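> Below are the chains, spelled out letter by letter.
There are 2 protein chains.
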Amino acid sequence: MGLSSSLEANGRRAVSGILALALFTIATPAFADGLVENVNGITLDADGKVIRFNAILIGKDGKVTELLSKKDKLPPQLDFRHDGKGATMLPGLIDAHGHVMPLGFQLLTLDLSATNSLAEAQAAIRDYAAKNPERLWIIGSGWNQEKWGLGRFPTAADLDTAVADRPVWLTRVDGHAGWANSRAMEIAGVTAASKSPPGGRIELSGGKPNGIFVDAAFKLVDKFVPAPKPAERDVALGEAQKKLLSQGITAIADMGTTMDAWQSYRRAGDGGWLSIRIFGYAGGIDAMVAIAGPRPTPWLYDDKLRLGGVKLFLDGALGSRGAWLKKPYTDAPGQTGLQILAPAEIRNLMVRASMDGFQTAVHAIGDAANGEVIGAIEELAETYKGDQRWRIEHVQIVDPVDLQRLGKHGIISSMQPVHQTSDRTMAEARLGQERLAGAYAWQSIAKAGGKLAFGSDVPIESADPFAGLAAAITREDANGQPFGGWRPEERVTREQALAGFTTGAAYASFAEGKVGSLTPGHHADFILIDVDPLLASPAELRKAVVKETWVGGRPAYQNATVTPADNQKDGETR
Amino acid sequence: MGLSSSLEANGRRAVSGILALALFTIATPAFADGLVENVNGITLDADGKVIRFNAILIGKDGKVTELLSKKDKLPPQLDFRHDGKGATMLPGLIDAHGHVMPLGFQLLTLDLSATNSLAEAQAAIRDYAAKNPERLWIIGSGWNQEKWGLGRFPTAADLDTAVADRPVWLTRVDGHAGWANSRAMEIAGVTAASKSPPGGRIELSGGKPNGIFVDAAFKLVDKFVPAPKPAERDVALGEAQKKLLSQGITAIADMGTTMDAWQSYRRAGDGGWLSIRIFGYAGGIDAMVAIAGPRPTPWLYDDKLRLGGVKLFLDGALGSRGAWLKKPYTDAPGQTGLQILAPAEIRNLMVRASMDGFQTAVHAIGDAANGEVIGAIEELAETYKGDQRWRIEHVQIVDPVDLQRLGKHGIISSMQPVHQTSDRTMAEARLGQERLAGAYAWQSIAKAGGKLAFGSDVPIESADPFAGLAAAITREDANGQPFGGWRPEERVTREQALAGFTTGAAYASFAEGKVGSLTPGHHADFILIDVDPLLASPAELRKAVVKETWVGGRPAYQNATVTPADNQKDGETR
Chain A
1 MGLSSSLEAN GRRAVSGILA LALFTIATPA FADGLVENVN GITLDADGKV IRFNAILIGK
61 DGKVTELLSK KDKLPPQLDF RHDGKGATML PGLIDAHGHV MPLGFQLLTL DLSATNSLAE
121 AQAAIRDYAA KNPERLWIIG SGWNQEKWGL GRFPTAADLD TAVADRPVWL TRVDGHAGWA
181 NSRAMEIAGV TAASKSPPGG RIELSGGKPN GIFVDAAFKL VDKFVPAPKP AERDVALGEA
241 QKKLLSQGIT AIADMGTTMD AWQSYRRAGD GGWLSIRIFG YAGGIDAMVA IAGPRPTPWL
301 YDDKLRLGGV KLFLDGALGS RGAWLKKPYT DAPGQTGLQI LAPAEIRNLM VRASMDGFQT
361 AVHAIGDAAN GEVIGAIEEL AETYKGDQRW RIEHVQIVDP VDLQRLGKHG IISSMQPVHQ
421 TSDRTMAEAR LGQERLAGAY AWQSIAKAGG KLAFGSDVPI ESADPFAGLA AAITREDANG
481 QPFGGWRPEE RVTREQALAG FTTGAAYASF AEGKVGSLTP GHHADFILID VDPLLASPAE
541 LRKAVVKETW VGGRPAYQNA TVTPADNQKD GETR
Chain B
1 MGLSSSLEAN GRRAVSGILA LALFTIATPA FADGLVENVN GITLDADGKV IRFNAILIGK
61 DGKVTELLSK KDKLPPQLDF RHDGKGATML PGLIDAHGHV MPLGFQLLTL DLSATNSLAE
121 AQAAIRDYAA KNPERLWIIG SGWNQEKWGL GRFPTAADLD TAVADRPVWL TRVDGHAGWA
181 NSRAMEIAGV TAASKSPPGG RIELSGGKPN GIFVDAAFKL VDKFVPAPKP AERDVALGEA
241 QKKLLSQGIT AIADMGTTMD AWQSYRRAGD GGWLSIRIFG YAGGIDAMVA IAGPRPTPWL
301 YDDKLRLGGV KLFLDGALGS RGAWLKKPYT DAPGQTGLQI LAPAEIRNLM VRASMDGFQT
361 AVHAIGDAAN GEVIGAIEEL AETYKGDQRW RIEHVQIVDP VDLQRLGKHG IISSMQPVHQ
421 TSDRTMAEAR LGQERLAGAY AWQSIAKAGG KLAFGSDVPI ESADPFAGLA AAITREDANG
481 QPFGGWRPEE RVTREQALAG FTTGAAYASF AEGKVGSLTP GHHADFILID VDPLLASPAE
541 LRKAVVKETW VGGRPAYQNA TVTPADNQKD GETR
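Each protein sequence line maps, in turn, to chains A and B.
Numbering follows the UniProt record's numbering, with no gaps: position 369 of the first sequence is 369.
Numbering follows the UniProt record's numbering, with no gaps: position 45 of the second sequence is 45.
Hints were generated in silico from the structure; no laboratory data involved.
Just so it is clear, the structure is predicted and the values come from calculations on it, not from any experiment.
Any given hint could be a false lead.
Identical copies go unnamed one by one, so any copy, or any two together, can satisfy a pair.
When the alpha-carbon atoms are kept at most 30 Å apart in a straight line, the in silico DSS-like pairs for lysine-lysine are as follows [what the hints assert, rightly or not]:
| # | residue 1 | residue 2 |
| --- | --- | --- |
| 1 | LYS71 | LYS327 |
| 2 | LYS304 | LYS63 |
| 3 | LYS304 | LYS385 |
| 4 | LYS385 | LYS229 |
| 5 | LYS408 | LYS447 |
| 6 | LYS131 | LYS147 |
| 7 | LYS85 | LYS242 |
| 8 | LYS60 | LYS219 |
| 9 | LYS219 | LYS229 |
| 10 | LYS229 | LYS304 |
With the hints as extra help, turn the sequences into a complete structure.
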């Protein structure tokens, strides 16, 4: 396949590039005692209290030794000193819900997320196909008919006008639907006789498949796309790491880790080029057992990698009307979405994981799905009394009668602030006003005693955590709409928002003793940025520039477009 | 399945046992400089020259610092000293061809290798089934109708008289045939209408399957046996490691590594209980790519584990008449064995591996198979000129006209001395005298310039390397038969035999800079035994007692039945 051949040649080169990145301009000797000084340091303690500091001492093990204020004395021996030039230092931000390999492949394939109309998308597809004549399949993602204002799904015919001679297969922005052209459907053997599989839907026009495949139907076409080779996976991982580090993210909960992805992570760990921390949640029980075996893996590569849990799906997404609702969709009266697992099934899978000590993270978007997971947790919590940290992923639409139940049993609500701003108008259309009282209800959940962890769902949204922080504290989108915020009572404070992307996200993956707070004994994972997130305006916060990202006490990213905060004196002592 | 339930309960316990083993009675501090003294030390250098010494200095990194003679001065600082009490020290022995997980499962299931007749086997099976009422399948291995003097394969009817109510599935000693009872065939859906698959044979009696499934037909029944769970695999790995260490083996080339096995090895490495060195050869190209990806893995866990090559099968085995011969079997005139891969296929697979830097190890037993592999290597060597170390596994029957060709292109003949003594009478029956001139032709291959690596094919034979050494220098079996040795011109010297199990086996897996010779900078992997293999009689050699086995400068096994050679003075200096 074209993707293979073109990427494979670049495989070693890209990996070399990653290694080179790790070396970059700030020369910190391995196993050095060091100081990063002259910073506006901010971190939260376990209780969410803000701690401010001006310098950080890093030990030979890459962990925080001490936080210093301006008046504190420095130790007599230092292997390196680095001047932060007054930048704000935060703990490395943690994305509590993302997809590392899909991000990497998005960076390597056609990205339609910036298109604003079907015509724009068609032009982009035509252009991409022309520029990549060697690719046998045109693969891409990021389309969103809601953003286009199309009022319907796009069709195979729409795609055929852009590219007809090669198969085209494009994943919707939410990952819950695929859009095929006629050639792709032909290769997949999809005809008018094809049946929608359980938990999925082949969209029809005039009784014939029209090119859109929702949820479980997605794989009808997807399985015919040539699988990427390991070398391509490694390139994708390298790209994802670079992107995340450049956005100030040093750790990510990887939702739906596959064996193939895991093997890439291990190659990176074994080869010394794993530069972010990945908290793996296997894509189903079979993957969990194949990857980790009888119990979670240990923390590997100095806490860079672990497979500690399993991701399960209870429903689909709101955009494709796959979210499982208690009552029919307002804009599709006959539909209540997809219940992917029966009550006994979801419980059996959760028990299977819990018995062997794995954490469960259940995707639940609709109010019926959330009520069902909460019910399952309530039942299981009677048997599994240990520190289970039951996670619900997305928790987007909750029946107000269920909100209080999220405050019990230590349930973690893993939510993505930017989804709220992206989904706002769609949610209103799908649900009508009366069901929005429990929609993206961050503050209500926090007040009920629920534990919040914030993420991006990258690559469904950009991983940019500053957009997430801004959305969390405003419930306004990047254009400041709606002014004053959508259902503003659900805004969180700046400290809550920061906790969601640091201490809360670390706790959600059993990593609170390792990262998320710049605390002596924790890894020295931090970023230097040009704004103070506790003081900056939301607009300033959205424009935050990540100047440097450090992982494990060593520089992992430096923004080439800013003046390096670097008048380091290697080996100097005072 | 019964095996599952009974083993799973023991999973953690057994792994704990392995950890406890590593601690044992000789207290060597981690990262210590130490001395093991008062030994009759023997090692070979890269040229096969014998080096004798009396003590070995071990560095904090677990590697050999220096070999000392009695008159050498000791360094002033030592963290530990250990008295070898005059025992002979050899480099840890390396098995150049074995199967780690099958050994582990053999140790956990019914082992028929000690049975001397069908009646004995039937009694053992009946007894085992009675003692293991919870096992839903009776699984075992090690049967050999040749050893029983049966003159035919056993049948399902023979098995039904032992156990009829539960499925029974027993693997032949060579791993190339399975023996099922009627219940197992029923579960597998095997009937008179079943067809032998390509590369395999369903044995028939009166036109109906009689319970024996050869080579590729093996899986017709085997795929219905419930797969072991990861916890059971870990128990099996622990058992295999204990067994090998107790036999003086510190490293093994694992032929046909599966992803499941690899995941066990990694769990052992990640968990700190990988106690032997495993040189992995993936079971086919798909497994190779799944396990290692685009190129061999690095050496992992301080050189304990690597996936560096692929094992390919070109034919079957002699016992089940699967070995591919140039002319028909003497005792089965219509048959020439199984050619598992066409000429283009074997070349394509070898190219696929070599392109990505993987070593190839091709199973070839019959003279046609060996001639074919040699021809393929000769062709490929023109393109792949680097240090390929083409391996042929077994090399049992070689047409004398092909022997010289084994001396070129750096071909490694990976052979198992004990197979010669086990197979002798069968080989005579299968081949007739005229074809034996190139049978198990160790010395002819060495004289042609071929590189020898010796192993056991465990669990097909016992891993006992002292039996292998004795067979290699005598070509007599454990009873001294035939007196003077079978085709004694093919005996090797004691030094050649030792090299086969040390330096030769290390070289065969690209490990010659790491293990196989006690040389400064190599890992301090060694054994203490009660005989000098360069002086002892073959009978004494066969009875060698392994007193201690050390891996990476730390004790890994101590024989509980011998007086510990231990008057260690921890932390003493002189």
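> Please go over all the hints and tell whether each is borne out by the structure.
Hints, one by one, checked against the model:
For a Cα distance limit of 30 Å, the shortest separation of LYS71 from LYS327 qualifies neither inside one copy, at 62 Å, nor across copies, at 91 Å. In this assembly of identical chains, the alpha carbons of LYS304 and LYS63 lie at most 30 Å apart whether taken from the same copy (13 Å) or from different copies (28 Å). Taking the shortest Cα distances, LYS304 and LYS385 sit within 30 Å of each other inside one copy (28 Å), while across copies they are farther apart (39 Å). In this assembly of identical chains, LYS385 and LYS229 lie within 30 Å of each other by CA distance solely across copies; the values are 26 Å between and 42 Å within a copy.
When the C-alpha separation of LYS408 and LYS447 is checked against a cutoff of 30 Å, the pair qualifies only within one copy, where the shortest distance is 12 Å, while the shortest distance between copies is 77 Å. In this assembly of identical chains, the alpha carbons of LYS131 and LYS147 lie at most 30 Å apart only when taken from the same copy (26 Å versus 68 Å across copies). For a Cα distance limit of 30 Å, the shortest separation of LYS85 from LYS242 inside one copy, 24 Å, qualifies, whereas the shortest one across copies, 58 Å, does not. With identical chains, the CA atoms of LYS60 and LYS219 are never at most 30 Å apart, being 48 Å at best within one copy and 54 Å at best between copies.
In the homo-oligomer, the alpha carbons of LYS219 and LYS229 lie at most 30 Å apart both inside one protomer (19 Å) and across protomers (28 Å), since each shortest distance falls under that limit. Proximity of LYS229 and LYS304 under a CA criterion of 30 Å is satisfied in both settings, with 24 Å inside one chain copy and 27 Å between copies.
This entry does not satisfy hints 1, 8, going by the numbered hints stated previously.
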